[in-house]
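Engineer: Here are the chains, one letter per residue:
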Amino acid sequence: MRTKVPFIIFLMMLMGSFSMSVVAWAAQYDIREKTPQIQQALSGRQARYGELQQLKSQGMIGENNQGFVQAMGNGPGVGEIVNAENRDRQVIYQAIVDQNQFGSGGYPQVTMVFAEVQRDKAAPGDPIQLPSGEWVKK
Amino acid sequence: MRKMKSITAIFLLSICLYGCTVKAVGDPNRPITINANIVVDIRGLKNTANNIEDMVAKGG
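Chains as they are written, first to last, in numbering that gives the first Met the number 0: chain A, 0 to 137; chain B, 0 to 59.
Quick caveat, the hints were computed from the structure, so don't treat them as lab data.
One thing to keep in mind: the hints can contain errors.
[Said to hold, decoys possible] Quick list of in silico lysine to aspartate or glutamate cross-link-like pairs, DMTMM-like style, CA-CA up to 25 Å:
(1) B/K57 / A/E50
(2) A/K33 / B/E52
(3) A/K120 / A/E50
(4) B/K57 / A/E133
(5) A/K136 / A/E84
Model the full structure from these sequences, guided by the hints.
Structural biologist: Right, here's the structure in full:
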């Protein structure tokens with residue numbers, strides 16, 4: 000009996016470490032292969048980032064709850080930049096779905112998570128759409 | 000102590016073997032289709048999204 004007690008404690012600690020590793024585990028997803036199309040989408044987004052931020056701060060463009068930008072007004076060039084940005088985002092989202100084998104059901108989850116990240120990263124005053132659908136200024 | 004070590008070794012080995020063994024039953028001439036539901040880890044995906052958006056912002 001005396002020899003069994005330390006063993007049981009040891010076993011419980013071992014099991015505990017297994018369960019903790021499961022809790023702490025987070026899957027690693029990434030764009031594993033940057034095809035020319037994906038690289039172009041990333042470069043395009045980087046190139047228009049400054050202009051996009053400016054238009055957001057002016058309230059002309061907002062982040063919707065689907066992971067895409069949306070025109071909030073009819074300013075010059077707003078439609079073009081929104082279309083180009085959304086086209087590039089779609090390429091990136093689809094690449095994540097395809098390269099991490101999420102299947103067809105993974106796309107809405109990817110866009111939902113990106114929408115959440117965009118809301119988190121939005122500057123104060125930028126238009127954002129909440130998950131409920133309501134538009135607010137952050 | 001020695002007994003404890005051997006039991007632990009067997010325990011760990013059994014976990015390894017159990018985790019790596021896939022048993023298939025049925026007629027090999029009649030393939031079956033498995034509709035697997037892929038569970039996306041939201042926390043991992045959020046890390047990825049943050050990394051990509053940081054990269055876009057830094058390059059801008």
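Engineer: Work down the list of hints and note, for each, if the structure agrees.
Structural biologist: Hint check:
Only pairs whose Cα atoms come within 25 Å are accepted, and B/K57 paired with A/E50 is accepted, the gap being roughly 14 Å. The hinted pair formed by A/K33 and B/E52 meets the criterion: a straight-line CA distance of about 16 Å does not exceed 25 Å. For the hint linking A/K120 to A/E50, the alpha-carbon distance of about 16 Å falls within 25 Å, and the restraint holds. A distance of roughly 30 Å separates the Cα atoms of B/K57 and A/E133; the hinted pair therefore is violated under the 25 Å criterion.
For the hint linking A/K136 to A/E84, the alpha-carbon distance of about 21 Å falls within 25 Å, and the restraint holds.
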